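K.L.:
Using the sequences and the hints, build the whole thing.
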Amino acid sequence: MGSLIHDPRDRGGLQQPMLIARDLRKHFLVKGSGGKSVKAVDGVSFTVGKGETLGVVGESGCGKSTLARLLLHLLKPDTGELVFDGDPVGIVPGIAVDALRRQVQMVFQDSYSSLNPRMPVRDSVAFGPFVQGKKKDEARHIARELLAKVGLDPGVFGPRYPHELSGGQKQRVNIARALATGPRMVILDEPVSALDKSVEAQVLNLLRALKRQFNLTYVFISHDLNVVQYISDRVLVMYLGRVVEIGPIGAIFERPLHPYTRALLASRPSMDPARRIQEPPITGDPPNPIDPPSGCRFHTRCPFAEEVCTTTDPKLGNWQGPQSHVAACHMHDPLSGHSRAASV
Amino acid sequence: MTLTEVRDLRVRFVTREATVHAVNGVSFTVQPGEVLCILGESGSGKSVTLRALMRLLPPRSTRIEGEVRIDGHDVLAMRPQALRDLRGGLAAMIFQEPMTALDPVYTVGQQIGEAVRRHTGCGSHAARERALELLELVRIPSPERRLAAYPHELSGGLRQRAMIAMALSCNPRLLLADEPTTALDATVQVQVLILLRRLQRELGMGMIFVTHDLGVASEIADTIAVMYAGRIVESGPVAQILSAPEHPYTAGLLASTVHGQPRDRDIDAIPGSPPDLRRLAQGCSFAPRCPRRMADCRVVVPQPRFPAPGRMAACHGVADGLPAPEVTRMPTVSEPSSTTSAR
Amino acid sequence: MFKLAKTALMTDTIVLDQAREGFDEQAIPATRVRGYWQSVLYRLRHDPLTLFFAAIVLLIVLAAICAPLIAPFGPFKESIVGRLKPFGWRSHLLGTDELGRDMLSRLIYGGRVSLMMGVVPVLIASLVGGMLGVVGGFVGGRTNTAIMRAMDVFYAFPSVLLAVAIAGAMGGGMGNGMLALTLVFIPPMCRVAETATTQIRALDFIEAARASGARTTTIIRYHVLGNVLGPVFIYASSLVSVSILLASGLSFLGLGVRPPVPDWGLMLSTLRQSIYVVPLVCALPGVAIFITSMCCNLVSDGLRAAMDVRM
Chain A
1 MGSLIHDPRD RGGLQQPMLI ARDLRKHFLV KGSGGKSVKA VDGVSFTVGK GETLGVVGES
61 GCGKSTLARL LLHLLKPDTG ELVFDGDPVG IVPGIAVDAL RRQVQMVFQD SYSSLNPRMP
121 VRDSVAFGPF VQGKKKDEAR HIARELLAKV GLDPGVFGPR YPHELSGGQK QRVNIARALA
181 TGPRMVILDE PVSALDKSVE AQVLNLLRAL KRQFNLTYVF ISHDLNVVQY ISDRVLVMYL
241 GRVVEIGPIG AIFERPLHPY TRALLASRPS MDPARRIQEP PITGDPPNPI DPPSGCRFHT
301 RCPFAEEVCT TTDPKLGNWQ GPQSHVAACH MHDPLSGHSR AASV
Chain B
1 MTLTEVRDLR VRFVTREATV HAVNGVSFTV QPGEVLCILG ESGSGKSVTL RALMRLLPPR
61 STRIEGEVRI DGHDVLAMRP QALRDLRGGL AAMIFQEPMT ALDPVYTVGQ QIGEAVRRHT
121 GCGSHAARER ALELLELVRI PSPERRLAAY PHELSGGLRQ RAMIAMALSC NPRLLLADEP
181 TTALDATVQV QVLILLRRLQ RELGMGMIFV THDLGVASEI ADTIAVMYAG RIVESGPVAQ
241 ILSAPEHPYT AGLLASTVHG QPRDRDIDAI PGSPPDLRRL AQGCSFAPRC PRRMADCRVV
301 VPQPRFPAPG RMAACHGVAD GLPAPEVTRM PTVSEPSSTT SAR
Chain C
1 MFKLAKTALM TDTIVLDQAR EGFDEQAIPA TRVRGYWQSV LYRLRHDPLT LFFAAIVLLI
61 VLAAICAPLI APFGPFKESI VGRLKPFGWR SHLLGTDELG RDMLSRLIYG GRVSLMMGVV
121 PVLIASLVGG MLGVVGGFVG GRTNTAIMRA MDVFYAFPSV LLAVAIAGAM GGGMGNGMLA
181 LTLVFIPPMC RVAETATTQI RALDFIEAAR ASGARTTTII RYHVLGNVLG PVFIYASSLV
241 SVSILLASGL SFLGLGVRPP VPDWGLMLST LRQSIYVVPL VCALPGVAIF ITSMCCNLVS
301 DGLRAAMDVR M
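Protein chains in written order, with the numbering used here: chain A, 1 to 344; chain B, 1 to 343; chain C, 1 to 311.
By construction, these hints were calculated from the structure, which means they are not laboratory data.
Just so we're clear, the structure is a prediction, and the values are computed from it rather than from any experiment.
No false leads were mixed into what you were given.
Covered stretches of chain A (chain B as the covering partner; in silico rule of three or more C-beta atoms under 8 Å from a C-beta of chain B):
#1 159-170
#2 189-203
#3 223-230
The beta-carbon is built from N, C-alpha and C at its ideal position, and this holds for glycine as well.
P.N.:
And the structure:
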């Protein structure tokens, strides 16, 4: 899991997490509603170890896309801090946002709108290196090499325009573009969600190979638990802007602590017609991030909700340990007063 | 009597720049009360097939050939009035994006009421009663309040339920579903699937459910038909298809669907990409990507083989287990009202 | 490297029909590599109606350019005897005007002025308005509000009235007329550019460009302009016909060129009184304005259809 190849840009050493996010918050004001805001990300903390893949899982409205943009400072967090390889981001002394963007890149979800329709794809890939100071010829050369690395023949696919490529081919171009500037960490925002299943498998294989080849660290955001289980080392489960559970992959999938994680796992289709899901594991829709429920945000849909859940926010516990498995749930906090807390 | 019979359906889209061969000879049947899942990736022709069943394709650029019969009526030969009676009446459709399928300027109650009035001719009070009944049927909480809600005021899952209610308003015998759960979250998807299963059983409807997700198919289908490049390459009962696929594409789909594969190895992905429907090669469309291709595959389009009762696979490498079933001609119905029994 | 039109590409991809071994992706798209502008040209080539009207416009433009070569008489040569003569009188194909000057020659020379006053204001307005719109749309916030509300001030006036007012206040003449029209067209061009830019700005590839570390000017130059050019061009082409009409209107009111310079609007004005003497001859400048403006309009429609490529 840790990177064995020494990267000359490495500053903190193997034990230093690649990224620490501490209490990130981002609210969006809703115009004309008298001061109400969408609490997209509302106090998110986690670490990403060097060379690992952190999976981020959640349904629509949980804030994972906003989180992705916060990690790259495409959006400025309202409060909270980011620490990249030991250096705080955006503060002096620390690492400037420009310098952060040389080391962290992003692969976007919608392969259709993530490429400039008026540019041949090789120019889209070469744009990053060009902007970061390389000469045009050198940038083009890098683009050609990367297109080949992601499985596209640069002579055939380089001059093509995005509308001439299939979804899988476009996503490969997106990946090539993210890698063109030589980042150490890549944030992948639902990279395979819009692809067909057979193409999804190809792209996942490609991502695994590239991670090994370029010694990368991934933050893999997805709503698909099966994909997250396959590719992640650790998993972060989000609900309505908060972290509800974080832990190593085996622990989360075999011994989920939070009722929401359990419901998510139980909502996966069985793939066996003889064992169909008979009752929905959870009812209702995810609530509105403008007016989240009081106390524990999940209590409106939780089968174990009690009074303490409606009044107090559960704490996450020790989220900093690289192997720790914690959930923000009163049932797992012996001091909460929840009737089931003692039995854990 | 067979609820739906499709025979050698071919659909082409003709534009100035290219001709897209979307559907290339699709045949299947659906019995009353049966759920057929058409499984395929983008570009397989599954949505086009579904829309062709109700003739919802753009009239000017579409060329349809073949035979489509729903409850004995010849859909491709229908006149506009009969077609309007069919849509929403005998057969109803639910779509992937409920936000765009529902009219944003009318309340849910008004839209359902309109569908009811159009097909039964009842008054507005009776229509409202029926709409309320339907919202309760699809288990929408606080249905009286939701009747007066506009589509944008409902969440994704509720909108989808409202759309299902609208589709069921006139007791259709055939429900066509075009990826209705693809845009929904996992927890909402499972609720909608269970709902659809329950409704289908209670109301005795036949259902044709289009999806690209094997998991969804496993939860809802009785029969699966796998489509690739506009043709059905395999069909059969859901348990058999998922446990013992005959066609290499189906096997490849199963292997490449991420579902608990070991993490230290690559997934068995199908190499390459689906073919361009504007330029279909000779022979089997899957041949360029097939691990079991033979010399014949690039030359001759494989005909359906029947390795077991109820199973079909269009592959040169699959042996016939039975002689081809007798094709019994359906009694021709020219006027919709004359020979069919009452619904 | 980042040229907007890539005509050189048409050749290099036809040769290489198959991806070489060793690459994952072997499925080659069925169509030739064609950038946006090549697709537009392709569609135009197969649109006979638009080509027909474009040919007419081209003829008019050529006639105007080659006026000294093809006009049978000089446009200023008066004749007391031959005033207001009908078609065909003594080799004056289209008759003569109230001062005995040959109509055909004056129409051809008049085309120069009318076309100039039609095209130049649109060109300048596209540049200035387009730039303002792109900057406002991309930067957003207060800058955008400032620019767009300033444009709204001009929008409050009907365009004809505004053109007349500006031209009148500055005293008429061709230069002032063109200035007036330019000022009238800047707000709509700005709005079109701003709308297009705002739409583009929301797309992911702009965010990706920002994530690569590009500065705002670089992003505008390489990513925004190419995509905004389309809508701006379509709108500008539709403005040309309006501009010809407005320019003729200004001249008709005496706020454009001064006599004896031939201009269709001015000719209409001076021939107006003689309409009962030789009606056909006096209607000619109006017909010229109509045909030119109409053909420009239809060509711009055809352009819009060709450029509305869903990619």
